[in-house]
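As you go down the protein sequences, you meet chains G and C in turn. Using our numbering, the first residue of the first sequence is number 1, and each one after it goes up by one. Using our numbering, the first residue of the second sequence is number 1001, and each one after it goes up by one.
It is worth saying that the hints were derived from the structure and are not from the lab. Please note: incorrect hints may appear among the correct ones.
[Stated by the list, open to error] In silico BS3-like cross-links for lysine-lysine, where the CA-CA straight-line distance does not exceed 25 Å:
1. Lys501(G) <-> Lys1134(C)
2. Lys1022(C) <-> Lys1009(C)
3. Lys501(G) <-> Lys1062(C)
4. Lys1110(C) <-> Lys75(G)
5. Lys1062(C) <-> Lys54(G)
6. Lys64(G) <-> Lys1024(C)
7. Lys54(G) <-> Lys1022(C)
8. Lys501(G) <-> Lys1123(C)
9. Lys1110(C) <-> Lys501(G)
10. Lys75(G) <-> Lys1123(C)
11. Lys1024(C) <-> Lys75(G)
12. Lys1067(C) <-> Lys75(G)
13. Lys75(G) <-> Lys1041(C)
14. Lys54(G) <-> Lys1024(C)
15. Lys501(G) <-> Lys1022(C)
16. Lys75(G) <-> Lys1102(C)
17. Lys49(G) <-> Lys1067(C)
18. Lys1081(C) <-> Lys471(G)
19. Lys1041(C) <-> Lys64(G)
20. Lys1005(C) <-> Lys501(G)
21. Lys1062(C) <-> Lys64(G)
22. Lys471(G) <-> Lys1020(C)
23. Lys49(G) <-> Lys1134(C)
24. Lys1067(C) <-> Lys97(G)
25. Lys1024(C) <-> Lys501(G)
26. Lys1009(C) <-> Lys501(G)
27. Lys1081(C) <-> Lys501(G)
28. Lys64(G) <-> Lys1081(C)
29. Lys54(G) <-> Lys1020(C)
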Amino acid sequence: MNNTYEANRWKRVDDWDDRPLRLDKFAVEDPGNGFSAFKGKADPKPSIKLNAGKITSMDGVLAKNFDLIDAFIAKYHLDLDIAEEAMAIPSSELARKLVDMNVPRTELTRLAHGLTPAKLAETVAQLNAMEIAFAYSKMRARQSPGNQAHVTNAKDDPLQLAADAAIAVALGFDEIETTMRVARNSWSNALACCVGSSLGKSGTLFQCSSEEAEELEIGMAGFTSYAETVSIYGTESAFIDGDDTPWSKAWLTAAYASRGIKMRCTSGAAAELLMGFHEAKSLLYLEARCLCLQRGMGSQGTQNGGIDGAPLAGSMPGGVREIMAENLIAVWLDLECASGNDARHSESDMRVAAKILPYLIGGSDLICSGFGSILKYDNSFNPSSFNGEELEEFLVLQRDFEADGGLTTVEDTKALSLRKRAIDAISHVLQDLNLANTSPQMKQSVAVASGSNETESFTPRDVAIISEKIKTEGINVLDVIKSLHTGGFEQEADNLLFLVKLRVSGDYLQTSAIIRDARVLSAVNDPNNYTGPGTGYRPSEQRKKELADIREVLDRDEVLRTEALGEMAEMKAISYKLIGRAAADGPPNEVVVGISPAFGSKIFQTLAGHKLSSVLKALDDGITRGGAVMRLVKFWHTADTSFLGLSAARLSGSGIGIGLQAKGTAVIHHKSRLPHNNLELFSNAPITKLKHYETMGYNAARYCLKELPDPVMVATKGEALGARFHARVALIYAIETSMTKDNATPELLDFTFLKAQS
Amino acid sequence: MSEEKLNKKDFPIAETRPSKVKGKRGMALSELTMDSVLEGKVNLDDLQITPEALLQQAEIAKSVGRKTLSGNFERAAEMNKLLNSEVIEIYELLRPGRTESKSTLLHAAKKIRDKYQAEELAKFIEEAGDFYEKRGLFKKRF
């Protein structure tokens, strides 16, 4: 039925249905029901009215009708000394200033203090995606980009948390965030990550996302150094439904600072829509309100950009552009921006990669506000855009664009030794503080495990007991430091002491603070000074080398080493003997096979892995089957397949020749044809099988007999052969071309297949 | 302290003035060594930021155009004196529907004003009370 001419569906659509993309759900724009990225049905026009130094209306709402959010923004965000000046500038002009590299960042952040949410939203909405990306890069607060990791696991296992935290530090994450499967395990998770993150270097900031009051207590005990779970919403109803108000959240903001703990708020598109209180306003306008609130509260920064709402925002037309636009408002307001790219917004790897690109190349204070450094199923938040599975893809993207995403490759053996040391350290602390004992089997299983499915370690129930003990016995970070030190983990103890001492000065409370090389780096002492090419963040030569240094890269020596391994096998399979100049004196039933300079002397196998002797044997068998004889000639004047083939044909008594490169590319040629107008070509050496060579030999023989055989087709499955092989191809080909000599005469080769040839 | 106000050149203060940055019991940053930790001379209070340090950070924030961040540090400097339990109690009171009348908030404001001279925080709580009343937040949610 489906194959008849009356079929009602093109089968390509079935193919599309099978792609991961089609697991994503998309929604139509519906401004009345909150489904609009930029144009909500009830979005107000920007406005401000002042009277006697007081705001009488803002964005079309009279002061007496202000809800809690309007009231807080009017009181704490808007700078009335600037408001009238800033609001008088047309939004189109503000938009141009944002992308004008000659307008300094500081001038724009000054104006932002006087702009209402509707004005901010109206301005950034005028920029296309590229302009937003550029403006974001120019406007972000700290010059050096950074990144944040999630470190969690499905069992809340402290051994694995410590090991994974140590890996996250080694990878270069500036911040580590954990949370738990079972709420009461928070203290244990905090202690485990705290220990793990003390390995290798000092200063990786750490947070444990839990219930507001508990999170603060964990911070007060010294285990954590920052917090980012202070959620903000853009409508009053959503805010109250979230069990807070702008005043309670501002209280919490001050509370963290008062205890010397870095904090940022969190907000992201579509949270209000998910909670059912959208007021028919656009994602962007509501986010503008959230961000003005956060600046007003005096938060140094924000975790912003969709966050948990990213998948819903991504379902709308322009949703991803909106996420970029809200991030731009955040940095325009001079807030540190941990720019989302966490909750995975799509099942399509392409959509995910496309979304990260502007942040990777333009930089961000924290590119991901939760890069899953662990496997997807171990992520107790949600799978992230990038996870343990995709980590190397991120490293390669950094390398491709010479863009600093904050991460560095960790060499395998170093990774394993770090994991073992972290496990030893946490085991010692757990035992020393009478919290739990670990067995060698537990430790072993965690050290090598990629994820918690492979471990035989603590269960969530065991962890609840550990966690409860830490809390009730009042164990704090000083106990952990002492324990580490007495257990022989002196460097780790020092690193942890360094971290907790940061809270005494409060330096890392300033905007966009992270710790690099044991120094606080923030928007105060590392401000983004972008004013055009040559300014702003540029990776140093040293950093570029680190970005380039991924696992398993080929070089010429590596290729020669691999080939040398094949040499011995070839010596047992075939012997060659050069027997003098090859002349055009063969019989009319011969096929001359012309081989390249490195064939059998430097290179011993094709890209498909066939021994070159086997390829010659296959050709010989085919030529014989076709009723011709093979003559083997070594060419030195060229390594090009077409010219090898044509040169062979011109020496051939039949006028038919085969050109064969060491890497396996082969051609059948006729002496009277133009160089690139061959009879048959195997251009995809990596997928060419011995039977193809045999048939090529057979066909060549049939051409000698003036027949027209069916050309051999080497079927491809659509592999990206260039990606898989071209680095190797180029290195091999360079070896071939380095051996060529202009005008060198061809040499006749005698060859004998030996016993090892099968 | 009648010194000149700090600015971005003083940042980070842990580096520019290590002997002047002190924990809550007066122990200087430079005295917070591993030896003193191991000898049991250090407790959590020594790892606590002080109102002075918070006010210095407020000055630095203001010097680089961050008035609202500076305001938060000033509130934090007052809150620094409150007990952990008081911080969390008042936070709870400020959440929606925790009390049935404004007077609970006014009482909390008075308490910290009297006990800690936390004037900014007290005003902040009173202001919240006004707005909560206006927006009908004084009703039990659970």
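Hint-by-hint comparison with the structure:
For the hint pairing Lys501(G) with Lys1134(C), the CA-to-CA distance comes to about 44 Å; that exceeds 25 Å, so the pair is violated. Between the alpha carbons of Lys1022(C) and Lys1009(C) the distance comes to roughly 20 Å, so the proposed pair stays at or under 25 Å and holds. This hinted pair checks out: Lys501(G) and Lys1062(C) have alpha carbons roughly 24 Å apart, not beyond 25 Å. Simply put, Lys1110(C) and Lys75(G) have alpha-carbon atoms about 22 Å apart, close enough for the 25 Å limit, and the pair holds.
Only pairs whose Cα atoms come within 25 Å are accepted, and Lys1062(C) paired with Lys54(G) is accepted, the gap being roughly 23 Å. The straight-line distance between the Cα atoms of Lys64(G) and Lys1024(C) is roughly 44 Å, outside the 25 Å bound, and the hint therefore fails. Taking the CA atoms of Lys54(G) and Lys1022(C), the gap is near 41 Å; set against the 25 Å cutoff, the hint is violated. Restraint check for Lys501(G) and Lys1123(C): not satisfied, since their Cα atoms lie roughly 32 Å apart, outside the 25 Å limit.
Taken as a hint, the Lys1110(C) and Lys501(G) pair is broken in the structure, with Cα atoms around 34 Å apart against an allowance of 25 Å. Our distance criterion of 25 Å between C-alpha atoms is met by Lys75(G) and Lys1123(C), whose separation comes to about 13 Å. Pair hint Lys1024(C) plus Lys75(G) does not hold up; C-alpha atoms about 33 Å apart against a cutoff of 25 Å. Between Lys1067(C) and Lys75(G), the direct Cα distance comes to roughly 13 Å. Compliance with the 25 Å bound is thereby established for this hinted pair.
At roughly 45 Å between alpha-carbon atoms, Lys75(G) and Lys1041(C) are farther apart than 25 Å, so this suggested pair is violated. Proposed proximity of Lys54(G) and Lys1024(C) is contradicted: the alpha carbons are some 40 Å apart, above 25 Å. For the given pair, Lys501(G) sits about 10 Å from Lys1022(C) by alpha-carbon distance, which is consistent with the 25 Å threshold. Note on Lys75(G) and Lys1102(C): the hinted pairing holds, with a Cα-Cα distance of about 20 Å set against a maximum of 25 Å.
Taking the CA atoms of Lys49(G) and Lys1067(C), the gap is about 22 Å. The hint holds against a cut of 25 Å. For the hint linking Lys1081(C) to Lys471(G), the alpha-carbon distance of about 23 Å falls within 25 Å, and the restraint holds. Taking the CA atoms of Lys1041(C) and Lys64(G), the gap is about 56 Å. The hint is violated against a cut of 25 Å. Taking the CA atoms of Lys1005(C) and Lys501(G), the gap is near 24 Å; set against the 25 Å cutoff, the hint holds.
At roughly 31 Å between alpha-carbon atoms, Lys1062(C) and Lys64(G) are farther apart than 25 Å, so this suggested pair is violated. For the given pair, Lys471(G) sits about 33 Å from Lys1020(C) by alpha-carbon distance, which is inconsistent with the 25 Å threshold. Taking the CA atoms of Lys49(G) and Lys1134(C), the gap is about 22 Å. The hint holds against a cut of 25 Å. Restraint check for Lys1067(C) and Lys97(G): satisfied, since their Cα atoms lie roughly 23 Å apart, inside the 25 Å limit.
For the proposed pair Lys1024(C) and Lys501(G), the alpha carbon gap of about 12 Å is at most 25 Å, so the pair holds. With a CA separation close to 21 Å, the supplied pair Lys1009(C) and Lys501(G) stays within the 25 Å bound. For the given pair, Lys1081(C) sits about 19 Å from Lys501(G) by alpha-carbon distance, which is consistent with the 25 Å threshold. For the suggested pair Lys64(G) and Lys1081(C), the alpha carbons sit about 36 Å apart, so the restraint of at most 25 Å is broken.
Distance check on the hinted pair: Lys54(G) and Lys1020(C) sit about 41 Å apart at the alpha-carbon level, beyond 25 Å; violated.
Violated hints, listed in ascending order, are 1, 6, 7, 8, 9, 11, 13, 14, 19, 21, 22, 28 and 29; each of the other numbered hints is respected by the structure.
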